[in-house]
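Please construct the entire structure, taking both the sequences and the accompanying hints into account.
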Amino acid sequence: MAFFSSDDSGRQTLFVLTLILLWYSSNIGVLLLNKYLLSNYGFAFPIFLTMCHMTACAFLSYVSIVFLKLVNFQHIKSRSQFLRISTLSVVFCASVVGGNISLRYLPVSFNQAIGATTPFFTALFAYLITSKREAWVTYTALVPVVAGVVIATGGEPSFHLYGFIMCIGSTSARAFKSVLQGVLLSSEEEKLNSMNLLLYMSPIAVLVLLPATLVMEHNVIDVIQSVAENHRHLWLLLLVNSTMAYGANLLNFLVTKHTSALTLQVLGNAKGAVAVVISILIFQNPVTFIGIAGYTITVMGVVAYGEAKRRYS
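Under my numbering, think of the first position of the sequence shown as 134, with each following residue one higher.
Calculated from the structure, these hints are not laboratory results.
Computed Cβ-Cβ distance ranges for the label pairs, DEER-style:
| # | residue 1 | residue 2 | range |
| --- | --- | --- | --- |
| 1 | A426 | S158 | 22 to 32 Å |
| 2 | L294 | L152 | 33 to 43 Å |
| 3 | R443 | S158 | 19 to 29 Å |
| 4 | Y260 | L154 | 29 to 39 Å |
| 5 | G287 | N205 | 47 to 57 Å |
| 6 | G287 | A403 | 22 to 32 Å |
| 7 | F422 | S320 | 46 to 56 Å |
| 8 | N205 | L152 | 18 to 28 Å |
| 9 | W368 | V199 | 18 to 28 Å |
Heads up, simulated DSSO-like pairs for lysine-lysine below, C-alpha to C-alpha not over 30 Å straight-line:
| # | residue 1 | residue 2 |
| --- | --- | --- |
| 10 | K324 | K210 |
| 11 | K442 | K324 |
| 12 | K404 | K324 |
| 13 | K442 | K390 |
Where a beta carbon is used, it is the ideal one built from N, C-alpha and C, also for glycine.
Here it is in structure tokens:
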């Protein structure tokens with residue numbers, strides 16, 4: 134009996150490790166492919182790219198939930214709940230679009246350094262919106278999070294002000310969305326798991342992004358068709374990129390389900406560092422000792438913040 138128990142445990146461990154590996158691959162892959170698409174071929178359409186992601190998420194979420202039944206389908210129960218989800222979707226759009234715009238102007242390494250400050254903005258919005266206060270030790274841990282980015286900014290040879298502003302905006306919008314989600318969908322009756330929330334948010338996001346694309350990137354189809362004549366694999370890259378964007382969300386849910394939110398947080402901290410190293414190797418963007426030191430300080434601050442919050446919350 135013990136033999137079978139040990140065998141089952143080994144299979145479960147292998148399954149979780151496989152999920153984690155796929156989660157790393159999809160998250161880092163979509164980030165690097167975003168950078169590659171936005172930095173090559175004259176493909177300067179971050180809003181259209183985000184719309185492609187959301188379209189894939191809408192379609193594949195429906196297939197996964199309704200047909201494959203990976204999770205139970207949850208219905209929207211009221212008009213007010215729908216309005217709350219719509220609000221989250223708009224904020225989510227702002228976050229993703231801002232992140233994609235920043236990738237046009239900033240190297241992935243610096244983008245990830247700024248993105249690591251998400252806990253700072255989360256704590257700030259939690260205090261402003263819900264008046265939630267953390268222990269002083271927890272707030273103290275946020276000092277190196279911000280200080281590290283300030284140091285990294287001073288040592289970034291590829292600094293671009295507009296890209297920096299877009300990345301800060303994206304990071305703050307991502308934090309705002311997480312706090313807002315806790316406020317708007319706080320009742321047990323209206324809570325949705327992340328997969329069902331993505332199912333409802335994605336088509337709303339497409340409806341928001343479509344007119345924005347037509348107005349701000351009105352020549353996108355003509356340019357893509359022109360580029361695709363010389364680079365026939367462009368459409369394939371867009372398809373793979375969009376599918377990976379959904380895969381990252383799905384695997385994020387599965388890793389949390391089979392491990393814990395804390396494990397995902399730890400893995401996320403390490404993921405940023407891995408993405409930085411890989412991006413530097415692929416794109417050969419210049420880095421400085423000051424930039425690396427700043428990013429390291431930020432990551433250490435994020436780890437300290439997570440530990441302080443776990444102990445004192």
